[in-house]
Amino acid sequence: MKKVRAMDVTKVLVCAVLLVGLFTVLHPCLHEDGTKGMCASAWTGTVAVAGIAAVLGILEMFFENRKIRTLISVIMLAAAVVCFLMPGVFFRLCMMETMYCHTVMKPGIRILSVCLAGLSLVNLIGLMRKKDVHRKK
Amino acid sequence: MRHLSIRNLTARPGRTIALGLLIVFLSMALFGGSVMVRSLNGGLASLEARLGADVIVVPSSAKSSTNLDYLFLQGTTGYYYMDTEKAQKIAQTEGVERASFQIFMASLRASCCSMPVQVIGIDQDTDFTIQPWIEESFGRRLGDLDVLVGSKVNAGIGESIRIYNTDCPVVGRLAATGTTLDTGVFCTVDTVRLLLHAASELGHDLKISGDPENVVSAVYLKVKDGVDVQSVADRVNVYVRKVEAVRTRSYITGIADSLGGVEKTIRTLIVCVWILAFLILMAAFTMLTGERKKEFAVLRVIGMSRGKLAWVLLKESLLLSLFGGVIGIVLGGALTFSFQGLIEEALSLPFLMPGVSELLLLAIMTLVVVMLVGPMSSAVSAWKLSRVDIGRILREGI
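So the protein sequences, as listed, match chains V and G.
Quick note: to get the numbering used here, add 3 to the position in the first sequence (first position is 1).
Quick note: to get the numbering used here, add 907 to the position in the second sequence (first position is 1).
Treat the hints loosely; a few may be bogus.
[Stated by the list, open to error] Here chain V is said to cover these stretches of chain G; the calculated rule only asks that three of the stretch's residues, wherever they fall, bring their Cβ under 8 Å from a Cβ of chain V: (1) 1051–1063; (2) 1238–1250.
[Claimed, not checked] A partial selection of chain V residues facing chain G, derived with a Cβ cut-off under 10 Å: (3) 95; (4) 96; (5) 98; (6) 100; (7) 106; (8) 110; (9) 111; (10) 113.
Hint data in this document are derived by calculation from the structure and do not stem from the laboratory.
By construction, the Cβ of each residue, glycine as well, lies at the ideal position given by its N, Cα and C atoms.
Take these sequences, add in the hints, and give me the full structure.
This is the structure we're talking about:
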């Protein structure tokens, strides 16, 4: 039976929490007339990147090949960094710092991105160390 | 033997993580709570420094259109107007040393912010309340249509803010005050009057009775030394019709009282968390020492002294406290910083984060406290351990 790795499951869970969060509490600012604020672009970008990261995370669970797993981990790490930079750096948020995108959406995305980046980095280091052990043998 | 404590910790990751998490939670509570208390105090001090006026006079209609408590508590303005004649009469009141007026207006939805921004027009020749603060960040006079933005309006210098179809160039950003003035846009009285015209041309009813050229929103008074501030406020209320003169000091005292209550609650919660966590840590160390009696007895048999054995246990708790403390401070800091806007909104009180040096000092103090409490909670176990009867433990297997 295929071994289920706790790290892979945790990464997928963080991606899932980020995606669910984006469609629930981490939404962009909404105007009274129902239209979205200028922070909506950052939100859309984050949804796209978090979605890609989630798909990659699920795929990683089915691969045993170390090279492919390393590649997926590197892409997930990059995706986490992109998610972190999406609100405020790649896309501008609404200009008033008291608005929802600044007080809830940005910090929420950033905290989950840091978690995902940390997990991907630990996973990557683990895979690299395995490589070294194999070489020494 | 030198790295025995580290090996003990790494050999049982489950136990180490459980104890470490408790310490992480402790230091997070202490650091986060301390930063919040300091931020509330900083906000009040900043508000006090910004309110250079002894008396603020607003039209009586302001009482119905805005909450006066909130006006003084957060520096939030509204939009209400009175004739300039009244402002001149107020300025001539006996006992007044300096007087300056301001005009407020709220934009509908400025291009920048997707929500109404508060525009505050100041008279640069007479202003003594906002000017000193502006001078900290912007050393020259404002021109027509030039605007300065509060620290929480993310418009850079050189960009423009579009208010009622009028592009206003941003010429400077102001230092944070921890009040809602941070979300304001500041300009000259003439600029506000231009914007009022622009608004009326667009058909917006700003509820101005009379000529926009001839209105002010609030008059700020500085009372002469030795003159009773309350008597000046009373005189204005008696001699000038349809205005409300309020002493700022009484509001500051009120805020300080309510802040004291919040501060007391936070401090009590921190103390409760610490007492509880200290007891849990002590119980955990006692239980773990009880489980490890055999291990310690073997160490005694191979020649480790009682003192060294106690030191191994103390070193374990010291290492746990160090790592747990650092992680807790980082997490507490990250959460407090990330969600400071949300905390500020929930508290509805002036909130100004301390500077880097003060934050570092708070972090060091938290780490010191954590590194004292951790070993203290294991000290009893270490002392008991040094008194155990090795023969009995090894013989009876307990």
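Outcome of the hint check:
1. 1051–1063: Answer holds; 5 residues pass the 8 Å Cβ test.
2. 1238–1250: holds (count 6)
3. 95: holds, 8 Å
4. 96: holds, 7 Å
5. 98: Cβ of residue 98 of chain V sits 4 Å from chain G, so the hint holds.
6. 100: Nearest chain G Cβ about 4 Å off; hint holds.
7. 106: Residue 106 of chain V check passes; min Cβ-Cβ to chain G is 3 Å, inside 10 Å.
8. 110: holds, 3 Å
9. 111: holds, 8 Å
10. 113: At about 6 Å, which falls below the 10 Å cut-off, the nearest Cβ of chain G leaves the hint on residue 113 of chain V intact, so it holds.
Violated hints are absent here; each numbered hint is respected by the structure.
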